[in-house]
Structure formats: C-alpha cells, structure tokens
Amino acid sequence: MAGVDPDTNVRFDQVNDEILRTLGPPPRSFWVIIGFLLIGVMLWPIPWGYQIATGMGSAGYRPSVMWILYIVNFVYWIAIGHSGTFISAILYLFRARFRTPISRATEAMTIFSVFIAAMFPFVHLGRVWIFYWILPYPNHRTIWPDFQSPLIFDLLAVSTYFTVSLVFWYSGLVPDIAAIRDRVRGLKRKIYGYFSLGWSGTDRQWHHYSMSILLMAGLATPLVISVHSVVSWDFALAIIPGYHSTIFPPYFVAGAIHQGIAMVLVLLVPLRKIFRVKNIITDRTLDLLAQTDLLFALVISYTYLTEHFMAEYSGNIFERQQFMFRMVGWYSPEYWIMTILNAIVPLVFFIRRCRYSPFWLMTVGVAVLIGMYLERFIIIIGSMSQDFLPYQWGFYWPGWLESCITFGSFCLFFLLFALFAKFLPSISIAEVKEALKPMRGKKEPTL
Amino acid sequence: MTAEEYGVRGESPDQRRLLAIYSYVDDVVGVIKTLRRKKIRIDGVFSPTRSREMQDALGKGWSNVAFFTLLGGLTGGVGLISLAVYAHLSFHLITWGKPIIPPVPWVIVCFEGTILFSVLFSFVAWVFLGRLPAPHLPAGYDEIFSGHKFGIMVPYSDGERQEIYRILADGQADEIRDVSASDPRKAVLVAENSRAGS
Numbered sequence: 001m002a003g004v005d006p007d008t009n010v011r012f013d014q015v016n017d018e019i020l021r022t023l024g025p026p027p028r029s030f031w032v033i034i035g036f037l038l039i040g041v042m043l044w045p046i047p048w049g050y051q052i053a054t055g056m057g058s059a060g061y062r063p064s065v066m067w068i069l070y071i072v073n074f075v076y077w078i079a080i081g082h083s084g085t086f087i088s089a090i091l092y093l094f095r096a097r098f099r100t101p102i103s104r105a106t107e108a109m110t111i112f113s114v115f116i117a118a119m120f121p122f123v124h125l126g127r128v129w130i131f132y133w134i135l136p137y138p139n140h141r142t143i144w145p146d147f148q149s150p151l152i153f154d155l156l157a158v159s160t161y162f163t164v165s166l167v168f169w170y171s172g173l174v175p176d177i178a179a180i181r182d183r184v185r186g187l188k189r190k191i192y193g194y195f196s197l198g199w200s201g202t203d204r205q206w207h208h209y210s211m212s213i214l215l216m217a218g219l220a221t222p223l224v225i226s227v228h229s230v231v232s233w234d235f236a237l238a239i240i241p242g243y244h245s246t247i248f249p250p251y252f253v254a255g256a257i258h259q260g261i262a263m264v265l266v267l268l269v270p271l272r273k274i275f276r277v278k279n280i281i282t283d284r285t286l287d288l289l290a291q292t293d294l295l296f297a298l299v300i301s302y303t304y305l306t307e308h309f310m311a312e313y314s315g316n317i318f319e320r321q322q323f324m325f326r327m328v329g330w331y332s333p334e335y336w337i338m339t340i341l342n343a344i345v346p347l348v349f350f351i352r353r354c355r356y357s358p359f360w361l362m363t364v365g366v367a368v369l370i371g372m373y374l375e376r377f378i379i380i381i382g383s384m385s386q387d388f389l390p391y392q393w394g395f396y397w398p399g400w401l402e403s404c405i406t407f408g409s410f411c412l413f414f415l416l417f418a419l420f421a422k423f424l425p426s427i428s429i430a431e432v433k434e435a436l437k438p439m440r441g442k443k444e445p446t447l
Numbered sequence: 001m002t003a004e005e006y007g008v009r010g011e012s013p014d015q016r017r018l019l020a021i022y023s024y025v026d027d028v029v030g031v032i033k034t035l036r037r038k039k040i041r042i043d044g045v046f047s048p049t050r051s052r053e054m055q056d057a058l059g060k061g062w063s064n065v066a067f068f069t070l071l072g073g074l075t076g077g078v079g080l081i082s083l084a085v086y087a088h089l090s091f092h093l094i095t096w097g098k099p100i101i102p103p104v105p106w107v108i109v110c111f112e113g114t115i116l117f118s119v120l121f122s123f124v125a126w127v128f129l130g131r132l133p134a135p136h137l138p139a140g141y142d143e144i145f146s147g148h149k150f151g152i153m154v155p156y157s158d159g160e161r162q163e164i165y166r167i168l169a170d171g172q173a174d175e176i177r178d179v180s181a182s183d184p185r186k187a188v189l190v191a192e193n194s195r196a197g198s
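Going down the list, the sequences are from chains F and G.
1 is the number of the first residue of the first sequence in my numbering; add one for each residue after it.
1 is the number of the first residue of the second sequence in my numbering; add one for each residue after it.
In isolation and in its complexed conformation, chain G is listed as follows (with noise of 0.2 Å):
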C-alpha cells in the first residue's frame, strides 16, 4: 500500500499518535482496559470482525441506530396507513358495502411499512453514524486490519509517549508504530522502520 493511497480524514494536523497491533482479542481487551483505568485516551480501535468483548472494554453502550430505526418504523407504519386512508377517502367510484376506513386489513400495510423504513433508517444510521462512506481510508490504517490484526490508535503529547509506549508493549503487542496524521507517507516510513527493527 503506498503511502497517497493511506489517505487523512479530518483530525488535527499536529496529532502525535501510537498505532499497537495485536494478534489476539484478549491481548487488546486487556490494553484498552488499562488505557481505561489510567484514563489515556483511546483514538480508536481496528478489528478486523466485530467483538463483543472489545465493545464492553471500550465501554460502548446502546448505539443510536436503535433510536434511528425505531424512527423509521414509526414513520414507515404511519406513513403508509396514511396513504391508504388517503386514497380510500379519495375513491370517488361508487361502489358496494366493504367498510370506507378498514382497519383490519390495513394491518398488512402498516407491517410492511413499518419493516421496511425500520430497515432503512437502520442501514442509513449505520453508515452514518460510522462516519462513511469515507473518501480516504483513516492515517495509520494497515490492510492487516481487514486480515488476521487488530490495532490500537492511541494519541499522545510528548510528555506522554514513554508510559503509552510501555502499555502497549507490556499488552503483547506485536508491532507499536507512531502514527502522524499531518503527514501520511511519514507514518509509512516510521512504520516501515519500526518493522525493520522488530
């Protein structure tokens, strides 16, 4: 992977980062917990599946995108009762003895609407909420990630680094990388030397 193709979302410029790979679920668990407890700020953790474990240490609780599809199920289900209200009450056609507001069979309607806006609204807050689609894939992130690898972005001020540094490595860290999001080609160079000296 070259170092255009790494690409730099958003953050600060001047942002000093440790970037820790990982082989195993409990190893990274256990370094997100300490961070925790020591209260260092976690800039983010790539996984390559979702794992119940590391959201719990991360202390991630119920995400927005249950509020969003309930929004959607709501607005699904009204909204297409509401259709068929509408144009039952604007049928001018005459015709014989069923009910003008049925409300039985509407329950179908309502069923259906209400599943599918759920969905939607779901799959729209995910994307969303997870800050995609993204143009540029975040500084630091290794193709290992989406593979057998798990990372730790960890920033840190200069007084900082040694005691991060030390956290990181004492989790059974594979690989620690310093990780500048100002300049992306020198997070490969650092990362490539860092592999050197590993």
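In isolation and in its complexed conformation, chain F is listed as follows (with noise of 0.2 Å):
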C-alpha cells in the first residue's frame, strides 16, 4: 500500500508527539537563518522604491522587451504553487495515500508562492499606486476593465487561485491547531485556541467538515488546470511569435507541475532530516513523487519538441526564426541549459537508487527548478527580444536591480516557509491519523 513503509512504526497514539515535536523551540540556527533570510527579503523593497522613484528605464525595460523579469517572477512562482494543489487536491480525490503526509507542506508551499506571485504585476506597474484602475468598479471615468482581456481572466484566476488555497489549508488546519491548543498552555494556548475556532472533533463538526474538504478539493482541481491556462493566455492570446500557440496552456500546466513538484523535493528532503521525520515522510513517499516528476518531465519534453516540430511545420517564417533564434541566438546558451536540466537531468530518476538517494532528490530537484526559471525566461523575453521586424529586436539582460527583487522573492519565499515549519504542524496530523487505518483488532496501527 502506497505511503506505508514497513521498515517504520508510528503508531497511532504517536503522531501528536511525533508531528508537534517539530514546533518546540528552534536553536539559535534557526534565528540565524532567518536573520539572513530577513536581510534578503529587504531586498526587495529597497530596489523597488528605487524604481519607482526613477522611473522603468532603470529597471531595463526597453523596446521591444517590455515585460523582463518580473513576469518571468510572476509565471514562475504561480507554477511553484501548482504542485501544492495537485497533490492536496487532486491527489486527494484519486485516494493517492503517499500524499498524506506531504499535503500539508505543499498546500503552504502554494499560498507563498501564489502571494510572492501576486506580488510581481505591482512591482512591473509603472504607476503602481492606481494600480486598482484594474479593478471593476464605477469611476468618474466611466472606464471599465475589459473582461474579454486575458490580464483581467489573470486578475480573476490568481486572487481565486490564492483564496481557494488559504481556504483549503486553513480548514485542514483547524483539527491541528486544536490539537496544539490542548498540548500548550497560556498566551501560545490563547493564540492557537482563536484560530482553532473552538475545535473539539465532535461527529457534527467531522460531518460538515469532511463534506467541504472534499467539495474544496473537487472544486481545487479545476483551478490547477485553470489557472496556469489562464497565464499561459497572457502569451498565447498574443500575435507575438512564440506566444501565439494553442499548446501553451497543458505545455504551461505541464511544466507547473513538474517545477512544483522539484520544489516539493527540495523542501521536503531536508526537512524531514531536520524535524527527524523520516518515519513519516518515508523513502516511498519521496519514491512516488520523484516517479510524478519523471512522468512531468517526459510531458514536458514532449511539447518541446512539439513546439519545434510546429513551428517548422506550419511554414511561418516568424515562427521559425524565432525557433531558430532560440536554439542558436543570443539566448541560445540559456536554451540548451534549460532543455538539458528540464528534460534530460531527471530522467536519472528512471534509476530506482535514485528516487531513494537524498543526494540525487535535491540535485534534480534544483536543477528542475533552475531550468524551469530559464524556460520562463526564453519564452517571455527571448520571443520578445525577436518579433516581427529586425528594427524592433532588442536585447535583454537582467540588471542588478531585477535581480535583487528576484533575489528578494526567493528569501520570502525560504522565510515564509521556515516560519510555518516552525510555528504550524508541518505535517496533517488528523490526515497521517486517518491514513493509520485500519485501527481494528486491537492491533497497533502503524504507518
């Protein structure tokens, strides 16, 4: 059976100690890295006060690429999430047990990033404080957004997608913070006892709750397809080549899901060293996703090289300079890394030592998410950089100010993260219970 390890033995009374032992007090490390992580974050704030004190041009817009990085950020981050919801949503309904103890993980996974994500068309807006012109809502200009615009489906699709994770990992939450409200005492008990709603796990509020959980979940799965189709039409729905194809949205689905699912691996992989975890968090477990991740990465090698086959064969001659340019342009370098780390790197995962080696989870892990950030970047800049007419083609490379945000966004993302493994259970408590089934025959249920 999936997600059970026989090597292991958690029993069923364990769980609580074995899931809250990892918030008791952090060492002194802990505060160091998150000072380092803190330092980083202000990054971010600092370079973007910068640019917007002098104007876009500092930050390297520049014709023909007007949207550089911080789209490349935002594409990228909104894909982080998408493995947070495939394996808390979809996982769920197909009963895939090896889930359970990392759903909770990916589904915080997913609301940090889909923040840090939501985060990134303020900081490409030039004139960010009317930035709620975007908004539909009667004006003395008597404008209207345009709601045939793939930026307004992206406005709807993103703040839905961000709501609809808070939600679902708040409710799964709820049984778990009660269970820390009873194991602490004063103001910690206050804090946990508030967001626990008064919790007490009678059969009503398991009736009512189970029922949502799993209506979220079917109503969560759509969203995964959705919302990345959604950003994918930010390009497609363009005439530029490179971004005017109908492959787009399962190529973006696709490779959300590969990168989320690198992401996973390489949170999880030290986590489950430095909480002491590994009975829960088992070799299989990390086995399953590292197979997931090979099945997204073979789907993602597909549409690479379907994405060449049809621009070649479709005859257009934009098209296939812009293919052309991408193997052997000014992006080309960029390009071969990125296919070699996206499609080549994890197919060492068919090597079953592998998908059970912490080394070779990480590495692939990394270099997934390292090329998935170039592709990003070869299709939003690189189809840019080379449109229709040599006039216009221009070059692009990140400055230091794009980068620092960059840089910025990465460390919120560690920081928000590490504070979560610090201060909520990490791991489903009531979901890891329930996973101990059966508890009959008065044998001592393990996972």
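Because the hints were derived from the structure by calculation, they are not lab data.
Just so you know, even glycine gets a beta-carbon here, dropped at the ideal spot from N, CA and C.
Some hints here could point you the wrong way.
Each pair of labels, with its calculated beta carbon distance range [said to hold, decoys possible]: (1) P103/G - R11/F: 32 to 40 Å; (2) R36/G - F195/F: 47 to 55 Å; (3) P222/F - P135/G: 36 to 44 Å; (4) K188/F - P103/G: 48 to 56 Å; (5) R52/G - P333/F: 48 to 56 Å; (6) V107/G - V184/F: 42 to 50 Å; (7) P135/G - I370/F: 46 to 54 Å.
Here are a few chain F residues that sit away from chain G, every Cβ distance over 12 Å (derived from the structure) [as the list claims (entries may be wrong)]: (8) S196; (9) I213; (10) P398.
Here are some, though not all, of the chain F residues that point toward chain G, as calculated from beta-carbon distances under 10 Å [claimed, not checked]: (11) W144; (12) S159; (13) Q205.
Bring the two chains, given one by one in their own frames, into a single complex with the hints.
The structure is reproduced here in structure tokens:
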C-alpha cells in the first residue's frame, strides 16, 4: 500500500508527539537563518523604491522587451504553487495515500508562492499607486476593465486561486491547531485556541468538515488546470511569434507541476532530516514523488519537441525564425541549459536508487527549478526580443535592480516556509491518523 | 486542563451524561450501533480524526454543506457574469468592432466566480453547521480527544444509567465518566475519581 513503509513504526498514539515535536523551541541556528533571510527580503523593497522613484527604465525596460524579469518571476512563482494543489486536491480525489504526509507542506508552499507571484504585477506596474484601476468598480472615468482581456482573466484567476488555496489550507489546519491548543499553555493556548475556532472533534463537526473538504478538493482540481492555462493565455492570446500557440495551456500546466514537484523535493528532503520525521515522510513517499516528476519531465520533453515541429511545419517564417533564434541566438546558452536541466537530468529517476537518494532528489530538484526559470526567461524575454521586424529587435539582460528583487522574492519564500514549519504542523496530524487505518483488531496501527 | 477551561455550551443544565472513552474505531462503531439499535440517544462522539465508518454508524447522511456550496457556485457564477455584462454596457468609450456581449471569454469569468464563491460558501457552511466558532469547549471534552482516543457521550435519566453503562463498558471502554453540564468542575472531579478507580 502506497505511503506505508514496513520499516517504520509510528503508532496512532504517537502521531501527535512525532509531529508536534517539530514545533519545539528552535535552535539558535534557526534564528540566524531567519535573520539572513530577512536581510535578503529587504533586497526587494529597497530596489523597488528606487525603481518607483527613477522610472521603469532603471529596471531595463526597453523596446521591444517590455515584459522583463518581473513577468518571468510572476509565471515562475504561480507555477511553484501548482504542485501544492495537485498534491493536496487532485491526489486526494484519487485517494493516493502517499500524499498524506506531504500535503500540508505543499499547500503552504502554494500559498506563499502565489502570494509572491501576486506581488510581481505590482512591481511591473509603472504607476503602482493607481493599481486599483484594474478593478471593476464604478468610477468617474466611466471606464471599466475589459472582461475579454486575458489580463482580467489573470486577475480573477490568481485572486481566486490564492483565496481557494488559503481557505483549503486553513480548513485542513483547524483540527491540527486544536491538537496544538490542547498541548500548550498560557498565551500560546489563547492564540492557537483562537485560530482553532473552538474545534472539539465532535461527529457533527467532522461530518460537515469532511463534506466541505471533499467539495473543496473537487473545486480546487479544475483550478490547477485553469490557473496556469489562464496565465498561458497572457501570452498565447498575443500574436508575438513564440507566444501565439494553442499548445501553451497544457504545456504551462505540465511545466508548472514539474517545477512544483521539484520545489517539493527541495523543501521536503532537508525538512524530514531536520525534523527527524523520516518515519512519516518515508523514502517511498519521495520515490513516488520522483516518479511523478519523471512523468511530467517526459510530458515537458514532448511539448518542447512539438513546439519546434509545429513552428517548422506551420510554414510561418516568423515562427521559424523565433525557434531558430532560440537554438542559436542570443539566448541559446540558456536554451540548451534549460533543455538539459528540464528534460535530460530528471531521467536519472528511471534508476530506482536515485529515487531513494537524498543527493539525487535534491540535485534533480534544484536542476529543474533552475531549468524552469530559464524556460520562462526564454519564452517571455526571448520571444519579445526578436519578434517580427529586425528594426525593433532588442537584447535584454537582467540588471542589478531586477536581480535584487528576484533574489528577495526567493528569500521571502524560504522565510515564510521556515516560519510556517516552525509554528504550524508541517504534516497534517488528522490526515496521518486517518491513513493509519485500519485501527481494528486491537493491533497497533502503524504508518 | 482546569475545570474552568472546559466551559459549558448551551446544553440543558440538568442533563446528566456518561462519557465513554475508547482506543479503537471498531469498538466505537460497535457501541454506536448497539446504542442506536436500542434507540438510545447519543449526544455526541469525539474523534481525533474523521472516520467514514463512524459517520455511517451514526446514520449521517448528506451534509447540507453541499447545498450551500452549490448555492455559492450559482451566486458567484451569475454574479460575475452580471458584473461583466453591466461593465460592458456601461463602457462609454467608443471602441472598434468587438461584440458588446461576448459570451465566449466570459466562460472564464463565470468559472472563476463559481469556484471562488463555492469554496467561500462551503467554508462558511462547515464552520457554522459545525457550530463554530465556539467560545468554549463542550462539557466533557478532554485533550485526549485531539490525541488518540475516541469518546461517546450518552445522556441518561435515572432509570437508564445502569443499562447504558453496561453497553458502554461491554464495548471495551477504557474509561467511563459522569459528565454534568451544569457543573464542569464536578465533571472533572468525577472524571478524576473514575481514573483513580480504573
């Protein structure tokens, strides 16, 4: 049975202790890391303030590249969130039990990454203080947002995705927060008690809660498909060569899950070592994650080939030159590195030993994260830098300002995740207990 | 846990109940079935995790959360489409030949509204139907119920106590406590005596 490792022995009555042990007082090194991450986060607002004061030119905007690293980051962080919902919702509906110990952490990952992604359109705005013009509300200009625009689709899709992910995550947390409430005292008890809503685990509560979680999972499932499809339409509904393609929605969704699972590996491999929860997040869990990643690596490889084939087969000279430009043009080193990291490196997961090796899991995870970043760079910036007419071609390379903001976003993500792992259960207590069934025959249930 | 922390939620103050504590789901399910067969009312069951068998034994049907979720979906879908129609009809700038009421792109708008409001309604529904947020924990609640034990709370009148006690004990209860909603302190004291006795 998936998720059950016969070498481990977590009893039903040990689950709380095993998981809540991770919330104990952190070592000093934890606060040192938090301090460094906080310093890193400050690299976001300071350059952004400089950009607002001096104008968008300071960030390297130049015709024809008017969507720069910020849009790359937006797409990248949205994609990171996808595997969270994929694991917590889709695999839940498919009753894939290996998801149980990792669903909470991936849901948290989703929320933090979508939050960060949602910040980047603001950074991208020249006059950020009038961002509210995109919202549909009666105004003295009598101008409304165009509901046919993919940018409005994006606004609706991302805000819906964030809200749904947050509600789904919090709903799952309530019984676990109640478990923490019952084991702490003083101010902590009040805080956790407040967020547990007074949960007492009665049959009435579980009855309505279970139905709601099932429905939310069902509703979140199409979101996984739709959100990145909508993000892909930001590009696919434009006529720029390299953007205008019907393959984009499935291509983006598969890439997002590929990248998201890579981030899950990068987060969970050290997490289970630091928190000593190898008996809950088992080797078999990581093995199945690696297999899932391998599947999506193959899907991505196929879409890379299909893109090139369709560009050639279409007979459209602009499409042909764009895809030739990717292979031999200004950004060709990034293109080839991307191809190797996304399509070739994950193939090591065909070897069973690599799927059980923390070194290889981390290596492939980091490789795919870099590769997928380069993929967005190639698609967004590469396509813009050489579109139709040579007179408007332009080269863009990230400067210090965009690089600092990008670095700050990574620091913010890891900061939020570290704080989450320390103050909330990063493994779902109630779901792990549920997975320990059968609790029958007076045998000690084990995971 | 102190007696004050238990709190009492609006049950009848004179209501006396037995709380049986179990370690295994199948024991709980067996006792629930016996109690229901004998038409004895069950006040509530505490559980550290959700259990399909337990819900089935209690005869729980379709939760009304589903209805509220559907209502939310309809509200969100229709609401956002209405907003889009209103916005387009209110747009006073003359633009080129796009259709004024374009149904195809609004599928996305409708979809997002449906999902968003379904989930929000679903959340609000399970919270309120579960009688949350609750300022106090119910009488008889023990922190072991968020740990690894299950509890069945059964109300009784004077003549019934012995029979109910026997059913609960026959179901392999780890412990049986007297719980009085009118006096949580007494409930705790009784519980402590019961522990000592066992």
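Here is how each hint holds up against the structure:
1. A hinted range of 32 to 40 Å is violated for the C-beta pair P103/G and R11/F, which are about 57 Å apart.
2. The hint said 47 to 55 Å for the Cβ distance between R36/G and F195/F, and at roughly 35 Å that hint is violated.
3. Restraint check, P222/F to P135/G: a C-beta distance of roughly 37 Å satisfies the suggested window 36 to 44 Å.
4. Distance hint check: the CB atoms of K188/F and P103/G are about 53 Å apart, consistent with the given range 48 to 56 Å.
5. A beta carbon spacing of about 55 Å between R52/G and P333/F agrees with the range 48 to 56 Å that was offered as a hint.
6. Checking the proposed 42 to 50 Å range against V107/G and V184/F shows it holds: the Cβ atoms sit about 48 Å from each other.
7. At roughly 50 Å, the beta-carbon separation of P135/G and I370/F lies within the given 46 to 54 Å, and the hint holds.
8. The non-interface label for S196/F is inconsistent with chain G: the shortest C-beta to C-beta separation is roughly 9 Å, within 12 Å.
9. For I213/F, the condition that its CB be more than 12 Å from all CB atoms of chain G is violated, with the nearest at approximately 8 Å.
10. Taking the minimum C-beta to C-beta distance to chain G, about 32 Å, the non-interface status of P398/F holds against the 12 Å cut.
11. Using the Cβ-Cβ criterion of 10 Å, the hint placing W144/F at the interface with chain G is satisfied: the shortest such distance is roughly 4 Å.
12. The restraint placing S159/F at the interface with chain G holds, with a minimum CB-CB distance near 8 Å, inside the 10 Å limit.
13. Restraint check, Q205/F versus chain G: the minimum CB separation of about 4 Å is within 10 Å; hint holds.
Of the numbered hints stated above, those contradicted by the structure are hints 1, 2, 8 and 9, listed in ascending order.
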